[in-house]
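These protein sequence lines are chains A and B, in that order.
Per this note's numbering, the very first residue in the first sequence carries number 1; after that it's consecutive.
Per this note's numbering, the very first residue in the second sequence carries number 1; after that it's consecutive.
To be clear, the hints were calculated from the coordinates, so they are not data collected in a lab.
Hints are supplied without guarantee of correctness; some may be wrong.
Chain copies aren't distinguished; within one or between two, either way the pair holds.
Straight-line alpha carbon distances no greater than 20 Å define the calculated EDC-like cross-link-like pairs of lysine to aspartate or glutamate that follow [said to hold, decoys possible]:
no.: 1; residue 1: Lys3; residue 2: Asp44
no.: 2; residue 1: Lys3; residue 2: Glu50
no.: 3; residue 1: Lys2; residue 2: Glu32
no.: 4; residue 1: Lys5; residue 2: Asp96
There are 2 protein chains.
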Amino acid sequence: MKKLKRSERLVELTQYLLSRPHSLIPLTTFAERYQSAKSSISEDLAIIKEVFQEEGIGELQTMAGAAGGVRFMPKVPVAQSLAFIESICRELEQPDRILPGGYMYMSDILGEPRTVNEIGRTFATLFAEIEADAVMTVETKGIPLAYATASYLNLPVIIVRRDHSAVEGSAVSINYVSGSAKRMHTMSLGRRALREQSRVLIVDDFMRAGGTIQGMKDLLAEFRAQVAGVGVFVESGDVEEHLVTDYVSLARIQDIDTKSKVACVTPGNYFTAADSSAVSQQRGGVLS
Amino acid sequence: MKKLKRSERLVELTQYLLSRPHSLIPLTTFAERYQSAKSSISEDLAIIKEVFQEEGIGELQTMAGAAGGVRFMPKVPVAQSLAFIESICRELEQPDRILPGGYMYMSDILGEPRTVNEIGRTFATLFAEIEADAVMTVETKGIPLAYATASYLNLPVIIVRRDHSAVEGSAVSINYVSGSAKRMHTMSLGRRALREQSRVLIVDDFMRAGGTIQGMKDLLAEFRAQVAGVGVFVESGDVEEHLVTDYVSLARIQDIDTKSKVACVTPGNYFTAADSSAVSQQRGGVLS
Numbered sequence: 001m002k003k004l005k006r007s008e009r010l011v012e013l014t015q016y017l018l019s020r021p022h023s024l025i026p027l028t029t030f031a032e033r034y035q036s037a038k039s040s041i042s043e044d045l046a047i048i049k050e051v052f053q054e055e056g057i058g059e060l061q062t063m064a065g066a067a068g069g070v071r072f073m074p075k076v077p078v079a080q081s082l083a084f085i086e087s088i089c090r091e092l093e094q095p096d097r098i099l100p101g102g103y104m105y106m107s108d109i110l111g112e113p114r115t116v117n118e119i120g121r122t123f124a125t126l127f128a129e130i131e132a133d134a135v136m137t138v139e140t141k142g143i144p145l146a147y148a149t150a151s152y153l154n155l156p157v158i159i160v161r162r163d164h165s166a167v168e169g170s171a172v173s174i175n176y177v178s179g180s181a182k183r184m185h186t187m188s189l190g191r192r193a194l195r196e197q198s199r200v201l202i203v204d205d206f207m208r209a210g211g212t213i214q215g216m217k218d219l220l221a222e223f224r225a226q227v228a229g230v231g232v233f234v235e236s237g238d239v240e241e242h243l244v245t246d247y248v249s250l251a252r253i254q255d256i257d258t259k260s261k262v263a264c265v266t267p268g269n270y271f272t273a274a275d276s277s278a279v280s281q282q283r284g285g286v287l288s
Numbered sequence: 001m002k003k004l005k006r007s008e009r010l011v012e013l014t015q016y017l018l019s020r021p022h023s024l025i026p027l028t029t030f031a032e033r034y035q036s037a038k039s040s041i042s043e044d045l046a047i048i049k050e051v052f053q054e055e056g057i058g059e060l061q062t063m064a065g066a067a068g069g070v071r072f073m074p075k076v077p078v079a080q081s082l083a084f085i086e087s088i089c090r091e092l093e094q095p096d097r098i099l100p101g102g103y104m105y106m107s108d109i110l111g112e113p114r115t116v117n118e119i120g121r122t123f124a125t126l127f128a129e130i131e132a133d134a135v136m137t138v139e140t141k142g143i144p145l146a147y148a149t150a151s152y153l154n155l156p157v158i159i160v161r162r163d164h165s166a167v168e169g170s171a172v173s174i175n176y177v178s179g180s181a182k183r184m185h186t187m188s189l190g191r192r193a194l195r196e197q198s199r200v201l202i203v204d205d206f207m208r209a210g211g212t213i214q215g216m217k218d219l220l221a222e223f224r225a226q227v228a229g230v231g232v233f234v235e236s237g238d239v240e241e242h243l244v245t246d247y248v249s250l251a252r253i254q255d256i257d258t259k260s261k262v263a264c265v266t267p268g269n270y271f272t273a274a275d276s277s278a279v280s281q282q283r284g285g286v287l288s
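Excised from the complex, chain A in its bound form (with noise of 0.2 Å):
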């Protein structure tokens, strides 16, 4: 690379860490990268730093030392993603989503990039300290929340299949009943798809009692995997009891009538739980 002027490589620095976020870059990267001296790069991050933290986009953190270097967490304050919420929330209510047998239509909402690069940024926000290995979700619709949060937070994505596909070679399948419909049903991962002792993220799209969510925790139990946390965007409210108790929900439908078509969201227990240890224990203090 040809050697740059100041402006230039704020420019150039810029995009390389947004687009490597939860990376440590060594120094020395950056200053052979732009022919440039350790202490004109480390100015540059100052910068940057300053900006990402001014503007809600996230940290960036310097490590001194021999194995130092700078990385990007990318981190939305608390304030903005409940805002974003709120606007979701508004938007989910309109009566035309609620479809027969009380669901909920939210493909459309599912369906912009935007949107969903926005909750991923949130779960990566929430789940930045956890030390996970690894993101995993079932299909079909927690998969682009999954990867969204993955590509924040520089993990790999494992997708759970409801049926067993030939190109999945060899693979572990549980049964597993979801709680509101007492009904069976099968998932199944690959062998080679996870390593043992790995910590696993789970990130779905939408939970009633929790049963998908078990079935994906019997699932690790069957890898020797842990959990490391577990990420929901929209929970029902309509529900007796939860197979699952540990989790973060971005928002919550707490009510729909589908006669009169009114249904009431609000956000989830990530911003009204603030004293819950299930979600601090989870967001590892980042709202502390």
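Add chain B to chain A, keeping to what the hints say.
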């Protein structure tokens, strides 16, 4: 927002543009946002434009006049895409990827968000000028690629289901025959997922004879929508007759020998068929 210095403005502008690809942003937006003269903003943008071009990040298009502004088009140079795809081809040729029936294990590669984003950036380059209204894929493995592509093109994603899920509302279903196995399948799409007359970019992870792609095309016809382009990540060369001919592939499995565990994978027609009218038409003259 407080008044920023030029150095800070460059950082903020860079991240602002990167997170809003394919969006026309009036200069007044920046002038107000940063409390700066339009002439200063123009100078900033000239610096960013040059760095983005030099580094293969994309084009910064500036439109003059009352309806003018600036638009960031992510574009990766073909040589850089080719180097990336060549390395993927080498990975795909690893003997332990060959599964019974001549299938190839790709879940780990498609599980890496950075790889998926790079594929998305390549498709977004290729289909930058086709003026699509949405990106469509069928569950499951094409989903991450569709979102990555759509994210860079600033388009919504439409996911076709292999079953008819209760949470889509009323849906249109079609039957299709997978070309290689000659088996009958069903795919469906919620009625409200797609507006009539939409121009749709189809993206998928794998194509053999093209039965699944043809199914999506048939589904689009049911919605009176048009196919704006077809991009597949990997195509199989083991095909007697293609059901679909107007597509662009990034990689091509030339041969798999399940006994000797030898596979040969090469770059797809995006790189090799520079004269093919199908490809050059689809890519809208990006290479020219």
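Hint check results:
1. Lys3 <-> Asp44: both (15 Å within a copy, 19 Å between copies)
2. Lys3 <-> Glu50: Between copies, since 14 Å is at most 20 Å while 24 Å is not.
3. Lys2 <-> Glu32: Within one copy only: 10 Å inside, 34 Å across.
4. Lys5 <-> Asp96: The answer is neither: 54 Å in one copy and 47 Å across copies each exceed 20 Å.
When the structure is compared with the earlier hints, a violation turns up for hint 4 alone.
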